[in-house]
Amino acid sequence: MSTSTQPPPVVAPREAVPPAVPARRPPRRRRRHRRIADALGVLIALASVFPVYWMVSSSFQPGRDIRSPGSSWHPLGGTLDNFRRVLEGGGFVSALRTSLAVTLLTVAVALLFAFLAALAVSRFRFRGRRSFVLVLLAIQMIPAEGLFISQYKMLEGWDLLGTVTGLTLVYVASVLPFTIWTLRGFVAGVPVELEEAAMVDGCSRTRAFFTVTFPLLAPGLVATGVYGFIQAWNEFTLALVVMTREENRTLPVWLSTFTDTNRGTDWGAVMAGSTLIAVPVVVLFLLVQHRMASGLAAGAVKG
Amino acid sequence: MATTAPPAAPLRRPALSRRALPYGLLVPAGVALALALGYPLVRQLLLSTQDYGLAQQFGQPAEQVGAGNFRELLTDPQLWLVVLRSVLFCAVNAALTMALGTGVALLMRGMSRPVRVLVQSALLLAWAMPVLAALTVWQWMFDAQYGVVNALLVAAGADYAGHSWLLEPLSFFAVATVVVVWMSVPFVAFTVYAGLTQVPEEVLEAAQLDGAGAWQRFRHVLVPSVRPVLLVVGLLQVVWDLRVFTQIYVLQGAGGVASETNLLGTYVYRLGIGEGRFGLAAAAAVLMLVLTALLTFPYVRAMLRQEES
Numbered sequence: 331m332s333t334s335t336q337p338p339p340v341v342a343p344r345e346a347v348p349p350a351v352p353a354r355r356p357p358r359r360r361r362r363h364r365r366i367a368d369a370l371g372v373l374i375a376l377a378s379v380f381p382v383y384w385m386v387s388s389s390f391q392p393g394r395d396i397r398s399p400g401s402s403w404h405p406l407g408g409t410l411d412n413f414r415r416v417l418e419g420g421g422f423v424s425a426l427r428t429s430l431a432v433t434l435l436t437v438a439v440a441l442l443f444a445f446l447a448a449l450a451v452s453r454f455r456f457r458g459r460r461s462f463v464l465v466l467l468a469i470q471m472i473p474a475e476g477l478f479i480s481q482y483k484m485l486e487g488w489d490l491l492g493t494v495t496g497l498t499l500v501y502v503a504s505v506l507p508f509t510i511w512t513l514r515g516f517v518a519g520v521p522v523e524l525e526e527a528a529m530v531d532g533c534s535r536t537r538a539f540f541t542v543t544f545p546l547l548a549p550g551l552v553a554t555g556v557y558g559f560i561q562a563w564n565e566f567t568l569a570l571v572v573m574t575r576e577e578n579r580t581l582p583v584w585l586s587t588f589t590d591t592n593r594g595t596d597w598g599a600v601m602a603g604s605t606l607i608a609v610p611v612v613v614l615f616l617l618v619q620h621r622m623a624s625g626l627a628a629g630a631v632k633g
Numbered sequence: 004m005a006t007t008a009p010p011a012a013p014l015r016r017p018a019l020s021r022r023a024l025p026y027g028l029l030v031p032a033g034v035a036l037a038l039a040l041g042y043p044l045v046r047q048l049l050l051s052t053q054d055y056g057l058a059q060q061f062g063q064p065a066e067q068v069g070a071g072n073f074r075e076l077l078t079d080p081q082l083w084l085v086v087l088r089s090v091l092f093c094a095v096n097a098a099l100t101m102a103l104g105t106g107v108a109l110l111m112r113g114m115s116r117p118v119r120v121l122v123q124s125a126l127l128l129a130w131a132m133p134v135l136a137a138l139t140v141w142q143w144m145f146d147a148q149y150g151v152v153n154a155l156l157v158a159a160g161a162d163y164a165g166h167s168w169l170l171e172p173l174s175f176f177a178v179a180t181v182v183v184v185w186m187s188v189p190f191v192a193f194t195v196y197a198g199l200t201q202v203p204e205e206v207l208e209a210a211q212l213d214g215a216g217a218w219q220r221f222r223h224v225l226v227p228s229v230r231p232v233l234l235v236v237g238l239l240q241v242v243w244d245l246r247v248f249t250q251i252y253v254l255q256g257a258g259g260v261a262s263e264t265n266l267l268g269t270y271v272y273r274l275g276i277g278e279g280r281f282g283l284a285a286a287a288a289v290l291m292l293v294l295t296a297l298l299t300f301p302y303v304r305a306m307l308r309q310e311e312s
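Protein chains in written order, with my numbering: chain A, 331 to 633; chain B, 4 to 312.
There is no bait here: all hints are sound.
EDC-like mimics (lysine to aspartate or glutamate), calculated; alpha carbons at most 20 Å apart, straight line:
| no. | chain 1 | residue 1 | chain 2 | residue 2 |
| --- | --- | --- | --- | --- |
| 1 | A | K483 | B | E66 |
| 2 | A | K483 | B | D54 |
| 3 | A | K483 | B | E278 |
On the chain A side, residues computed to face chain B include the following (Cβ under 8 Å):
| no. | residue |
| --- | --- |
| 4 | A375 |
| 5 | L449 |
| 6 | F456 |
| 7 | T589 |
| 8 | V611 |
Hints are computed from structural coordinates only; laboratory data are not their basis. Ideal Cβ positions, reconstructed from N, Cα and C, are used throughout, including at glycine.
Next up, chain B with everything else stripped away, as it sits in the complex:
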């Protein structure tokens, strides 16, 4: 990356270099992006059409298989299970996060100031926790033998002594959901609350005078005014929850059965880095990119429109 931008041109330089200046300023960033994102993206597409496994890793030439990898993946029930699991996990997590986040934002409107500050500080703390630190704590809290969750359940009279939460796929995903939702609610709550504070109080009062109850005011006044915020935040949640990797990977390491709990991200990882089937993994990753692109299309379009106006 031997790219240094030309120094800003002084006023009286000839016209040509003046015109070239902005492009020069873009060169370093452009080169870095092309090198570390653009080039891998192209390679990924090429790799996905090759039979690239461990033998190729040791020097054998890779064979072109065209759509072979994709055919193999798409006819493998395993992949469809993973896709289904990912979409379900994403839907549940995004919906829960949005519902809880919006609920907290609405509640914040009604709180007294000290309590609101308390809630906001607590949310900020949860938000700022590094993913891995947060995951480790949750893992510790759900620990079968010494975890506080089991201890509390036992204290409450339930038979949870030594219960392993990560063994069963369903309770594995329940734990993953708790972690993901806990970490993402603050973002939604803050953003929606910021949107809500833009709604003039007079409008709500007027609606109330006209006889609108709390639910009607929520449904017909508050929701429409924060709809753009809800849309953008909701889509971001969908994208983030679809590509969730760290939470699943770490919880698998802590006792989850990988083959039964893989989502798209960990599936690609285990195919590629784990089994050395790079061609197949690349194809799976391309499928993942396509899925993400389909889901983010409305979001990108909305951003483009905002950019135009």
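Isolated chain A (complex conformation):
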């Protein structure tokens, strides 16, 4: 589902690698370079963060002020009316319910299936193992936009069009390859010797796994689950195609129809809705960003 949503982080942004101090370079020139880089950096930061700021700021603007952009510059314009209108509109709450159901179900199912598959791939040597990993890689290259017609027809044929089950089914499949790939790295990161030591002490293989390895995998499971959550929460294309009835819309689809009116979009409410949708994703993303990156790196080199 990495289609139109943001790409997963591939490598950790490494901080705290202090640039070595080349003693030979004239210090004055170096300081000037640093000042230029810093100035540009502040500009980049502003450009990058401005839309986010504008969204949050607009969402707190009273209706009359939002029509004159001059006043929107003040952060937190002081009203919660926009949020109230969004929540009372009804569409948001029902979309929230659908989104939560689909997202949580997707995460639970995908995590369980991926966990089993990751175990197989990283703890066993068997025929077809390599092919399976290669298929996973290839699948990730299939654009969702190239399949939605037949996925739509398929769900229609199974009477699953517009249902949470139907959308979950296609979401699970699109989250799985990446989830297996990442979990594989986390499983491979736990030395098998730890389990073997427990088995020498008399544990069964199963028990050794669940008492020794499983707890060590918890952070990996959380990080991968969060990734699946973000993907399913943000996905738009399939939800647009599959969730055809108004009462079954997910949040992104709801948001897209909310602005769709030709005349007089209620921008304050739209920005409040956007903010409400963005907050959980931003928080989760920031929490697991680093762990995801290290898991991915492990997945690329181990297993």
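Please arrange chain B on chain A, whose structure you already have, making use of the hints.
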């Protein structure tokens, strides 16, 4: 999907079930993938050779037309316009994203620590924004009447009061490009920066001692050492920008003229879900898959090689 994996086998089970265990563990994931990706893929190929329209939707049997759909598409100038537009949009966006992302990564090396942290936090925020929320904000900022962009331009003395950005195809794609690039630069910047931090400072110093200027150090030391990263990230950008759907679809809804701004994704959508010409849409989607496969082939091959070593 009534598939539950057998529980992990205890040590002293007979050899056969031990050998079957990994396959059992793969069953749930395998079934889900085959059901929701493999089966539609096959159906898609079949559908693309059928005359499947609204009549078939209501029970008429579908007629086999062989390569008919493909012939119709490939001889339709409309499709070639869409392909050309998609490839151009993809090229411009991927190139811009790569140039800006790499530039930011290089700049981050030279920043003082607090500024670097500031830049990284800002990039993370932009990166984490859900596509649709981000799109809505940009739409609002480019709003003809009350958008901040027009307000700023007017304040700067330009005649942009009430200017509609989405009406003209060219400025429509300019807005789409701003949105796409804004959202994808953080990924490139972080990944390339991570690659750059792996380049030992001593190597750069040595090059400098040998008299290499800033550009030469960049060209002959930094670029070669992060080339694999640049290649992979660049290809990912190409793939993502070729299949861009959400941005175009939403901006079309906000005032763009669909027939003049369709890219491959929205073209397939409007043919299939919009007009009910499922056979034709499936054929267009197959063409899209082929195009993507051609473009990703080098990437997949590179990954395979890494997997082998």
